[in-house]
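Chains E and B supply the protein sequences, listed in that same order.
First residue of the first sequence: -12, per my numbering; consecutive thereafter.
First residue of the second sequence: -12, per my numbering; consecutive thereafter.
Fair warning: there could be bad hints in the mix.
[As the list claims (entries may be wrong)] Restraint-style ranges between C-beta atoms, simulated for each label pair:
{"no.": "1", "chain 1": "B", "residue 1": "A249", "chain 2": "E", "residue 2": "D348", "range": "19 to 25 Å"}
{"no.": "2", "chain 1": "B", "residue 1": "E72", "chain 2": "E", "residue 2": "P557", "range": "56 to 62 Å"}
{"no.": "3", "chain 1": "B", "residue 1": "V148", "chain 2": "E", "residue 2": "A556", "range": "54 to 60 Å"}
[Unchecked claim] Computed footprint of chain E on chain B; a stretch qualifies when at least three of its residues, placed anywhere within it, have a C-beta under 8 Å from a C-beta of chain E:
{"no.": "4", "stretch": "259 to 272"}
{"no.": "5", "stretch": "353 to 361"}
{"no.": "6", "stretch": "552 to 558"}
[Claimed, not checked] Derived DSS-like pairs: lysine-lysine, alpha-carbon spacing no greater than 27 Å straight-line:
{"no.": "7", "chain 1": "B", "residue 1": "K547", "chain 2": "E", "residue 2": "K443"}
{"no.": "8", "chain 1": "E", "residue 1": "K257", "chain 2": "B", "residue 2": "K547"}
{"no.": "9", "chain 1": "E", "residue 1": "K39", "chain 2": "E", "residue 2": "K123"}
{"no.": "10", "chain 1": "E", "residue 1": "K566", "chain 2": "E", "residue 2": "K332"}
Everything labelled a hint here was simulated from the structure, so no lab data went into it.
All C-beta atoms, glycine included, are put in the ideal place defined by N, C-alpha and C.
Read off the chains here:
Number of protein chains: 2
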Amino acid sequence: MEPVGYRQVEVTGGFWGEMQRLNAEVSVYNIHKRFSETGRFSALKCQKSENKPHIFYDSDVAKWLESAAYILAKKEDAHLRALAEEAIGDICRSQQPCGYFNSYFQVCEPENIFQKRTEHELYCAGHLIEAAVALKEAGVDEKLYAAMCRYADYIYDRFYVKKDAAFTTCGHPEIELALLRLYEFSGEKKYLDLAMFFLNERGVREEEHYDWATRRYDQTHLPVREQKEAVGHAVRALYLYIAMADAARISHDPALVAACGALFADITGKKMYVTGGVGSTFHGEAFTFAYDLPNTFAYSETCAAIALALFCGRLSRLQNKAEYHAVSERVLYNGLLSGESRDGKGFFYVNPLEFHEGIYDYNESLAQKLYCPLPERVEVFDCSCCPPNITRFIESIGGQIYAAEGDTVYVNQYISSRTRIGGAEIEVESGMPYRGTARVCVNGRIGLRLRVPAWKGGVSMRVNGRRVQPKIEADYIELFCDGDIAVELDFKMAPYFVYANENVFADAGRKAVAYGPLVLCGESCDNGKNLRAVRVRSLSGAKAAEGEFFTLEVPAERLKTSPGLYSSAPPAAEKFTLKLIPYFLWANRGKGDMQVWWL
Amino acid sequence: MEPVGYRQVEVTGGFWGEMQRLNAEVSVYNIHKRFSETGRFSALKCQKSENKPHIFYDSDVAKWLESAAYILAKKEDAHLRALAEEAIGDICRSQQPCGYFNSYFQVCEPENIFQKRTEHELYCAGHLIEAAVALKEAGVDEKLYAAMCRYADYIYDRFYVKKDAAFTTCGHPEIELALLRLYEFSGEKKYLDLAMFFLNERGVREEEHYDWATRRYDQTHLPVREQKEAVGHAVRALYLYIAMADAARISHDPALVAACGALFADITGKKMYVTGGVGSTFHGEAFTFAYDLPNTFAYSETCAAIALALFCGRLSRLQNKAEYHAVSERVLYNGLLSGESRDGKGFFYVNPLEFHEGIYDYNESLAQKLYCPLPERVEVFDCSCCPPNITRFIESIGGQIYAAEGDTVYVNQYISSRTRIGGAEIEVESGMPYRGTARVCVNGRIGLRLRVPAWKGGVSMRVNGRRVQPKIEADYIELFCDGDIAVELDFKMAPYFVYANENVFADAGRKAVAYGPLVLCGESCDNGKNLRAVRVRSLSGAKAAEGEFFTLEVPAERLKTSPGLYSSAPPAAEKFTLKLIPYFLWANRGKGDMQVWWL
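Take these sequences, add in the hints, and give me the full structure.
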């Protein structure tokens, strides 16, 4: 299975075209501004300052650089290029002669370089390597690439040859997937060897970890091939699984393939929110146990959603199953996009599925606060991993659309775009996520496989204007194209209920309302308070509208009781119209209550 | 309104007779054993030891002594008397010549006597004063009473006359209610003055408090007469409100009467579990905000339930309203009794309304644990306030039953007992809490007011064997008795649903099942796991049985879905028989899931 990378694909407009425009014009600049204000860029100069850098600042900058690379790959932007070059210049100038670079350790703890397993050193290195590959691949810059190859060589020397670092594997996976990316880009086998070393050494011995965490937290509880259940810090876990999937593909290792399959099944069958969010607890930002998916105190970190989408993409390169793309789609339009505000400036780190202003306000009234999700997105966090992770993901979304296998081309996501694969030109025009229609035009001689979304209300197809009964195999419509072919698809988008598995105790007796790939939510600014007592019996009569926001108006009831605290009189039902919007758009109109699961 | 104290009332058998037997034979001895093992009794000797006493040890011992006083008032027990006398002797020997006694400060921080407002010094003094009054009142001991009067005199001198302590009011209310009790027992006005001083000075200035808490935590945010909403640490709050109610009665202060009324309305109208538990968060063991009553992470401390019952009792002395006794009854048979195990040895500090073994087990697997209620009762806690609070409450429950106003006698709780009021003898035989029948026999010439329980399925009455239509006024049956009268009552106990107010977001769309005064719960040992997905549509066909446990079998359904995590297929309903038991008996058969609120 050959991927069709983002560089081969032009996103031509539509929903994601607009997201990319916002990303390139607003988000990437605003993040740069906030990162500058907080000292993330100046830290790259590696000079002592009052503003002590955080241990993970380099990774934030690296993801920003990676975003810039993807933007510049598509369209020149002299200002953005200058900002990127300044950062690259600082990194290269600060890099030690041996190849080492870390803006925190060089300045604050030079004596502890490669001594502290928990302190994100190789995690930062991994993100810098990813940025370097992206920059070179995009034709934007070669300096950082050269510098990071030297850094990778140095890591190889210290960890793999001399083995004189104080730890074997990094507390936060990322270096493994970065080295595999570097290997596949460069063809240098030593990077593959080093990645496989880090993967193979993980979980085989006791290594330093936070004293407040167990070995499950950073996935060192078992050798990677024996890991069948997703545990611990969700982003750490998924970055590791991504590397495992890449390694499985590169090395044809059946034990790794099986582990990846088991982990995917465990996550998507037992530990994933309906929004595609994962990692349900703030404590260790972690996976918990099967079916434990609390809504109000959900963690569901934006980075974990991104990582799940990336993991799905990597799994599909092992075998292009529709279910991987269905999960990706769920993540993309819900738990991932919810991480960004409509204006492209604000970000959520945490993505709850229910919000009670009362809980937040009470918590704010305390002298010592407890964990509580934020009511509105903010522009920067102390740990600001999510914002540049979103921008790099949005900018490289072209890579999520197509795949090829011999003469067969797969369309996995309906995102308006065009590409050229082999001798064929393919263009997709899509109404997603608000309309279930798509037009796929092909010029060439190829087999075409068009994914049928899991949410389809039906499938109708016209080929060059003529109605054709689609042949569907394993959730793909199969066609053979020769010449100029226009395929018009309609998957009949309509609102539908989603029920969680009976074991998801947080959602028992409740249902979510979805519309195509979108999970919908209701907010108090549209519906008044006390959303928990709103009952939706049926979706017949529901009305969708595309205005400033997409909205779905649903006939609903509000349970009304007598004013006392307890009563033996059953509640009455007061009819009203519930106004739902896409979950990813919540909290764009001020602080208020929000809910996904209804009675 | 004259109370009829526990000393005037003999509990003659039935449910509470058995509780008192267990209390006197098992609980009080077992608590003594555990308190001895943990150094609580040896600390009274005030000698340096490796086992540093806690700041609140004296209060634990004091409540144990108070329990012993109530037991010995009824029946001689030489062994118990010897244990009590040993403790009393140690306290008296350790008391300083000035009258001061505190086993922690005298030994560990003598330089800080009356310097640290947050460290429970006057709280301990208050409980010792209560114990001393109980011991003298019971005719058991006068030494502690004399000693504690000297201590109270010393507190009066330091806080009220010289005002040379480092604080004005104690961080944990209790001294106020204790001084009022001492005043009413002794008639010494200085104790009333001191109590009123502590009440009047509270909340009028900034005083030392924990830096992790606000002034609401210990109810110093407002002068007491302006406190209309229950806030902060629930036990602190209710101990303060008890003193306010007593002070309101003694001083005929309308502002205090109004404040007590508002606080009662706020608690019982917005902040009380269906079990009568209060204080819904572990963080500060506190009241939170209106209608915030989470079930799984409920705090609902046993001591707070006890304090609410005591507050209701105090309010009824201002005006004998049925609602006070209805709340008391709710507390007694549910959130208070749940604090004790069936064998009388184990205790819950925290009383959740829902328990998920999975959440507990996951939490136990963490290196750094979060707050999570315990699955089973334990015999002693580090902070072991609840066990001796239960024993003193059970032993003095006789004082909850009757009240008198001129020639009228009120029967407020149906607890098998007899008393003599004025020239009349009154005897109650009751089937509570499992049967709604009661027989009230009177010999004398009195007006009789028999409370009609809020849960009544009906009321039927026979007087001397003849069916009589009861005259009900403000939830009391009114009768006039002259001579030998036997009143047979049947309040038609039957299972019924309870619905929480529409704003209680934790319970929306759910219902509890109750039977008379009992809130019922289901456990996984009877019903399998996944109680959240159990639906109860109707109680017709429900079967009650009194075996080892009282049980109610209810036709129910289990929601069943396809095995996937999310599906658009609505769940099917699988019929089964749900077996419910009284909430207070949960967790007596090992660790498992438990639930009160059903779909």
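Hint check results:
1. Checking the proposed 19 to 25 Å range against A249 of chain B and D348 of chain E shows it holds: the Cβ atoms sit about 22 Å from each other.
2. Between E72 of chain B and P557 of chain E, the C-beta spacing of about 58 Å keeps the proposed range 56 to 62 Å intact.
3. Taking 54 to 60 Å as the suggested C-beta distance range, the pair V148 of chain B and A556 of chain E conforms, at roughly 57 Å.
4. With 4 residues bearing a CB less than 8 Å from a CB of chain E, the stretch 259 to 272 of chain B meets the requirement of three and the coverage assertion stands.
5. Beta-carbon proximity to chain E at under 8 Å applies to 4 residues in the stretch 353 to 361 of chain B; the threshold of 3 is reached and the given coverage holds.
6. Closer than 8 Å: that is the beta-carbon criterion, and the stretch 552 to 558 of chain B has 7 residues meeting it against chain E, so the requirement of 3 holds.
7. For a cut-off of 27 Å, the pair hint linking K547 of chain B to K443 of chain E stands: about 24 Å separates their Cα positions.
8. Between K257 of chain E and K547 of chain B the alpha-carbon distance is near 16 Å, which keeps this suggested pair within the 27 Å criterion.
9. Straight-line distance between C-alpha atoms of K39 of chain E and K123 of chain E comes to about 31 Å, which puts the hinted pair past the 27 Å bound.
10. The straight-line distance between the Cα atoms of K566 of chain E and K332 of chain E is roughly 26 Å, inside the 27 Å bound, and the hint therefore holds.
The structure does not agree with numbered hint 9 stated previously, though it agrees with all others.
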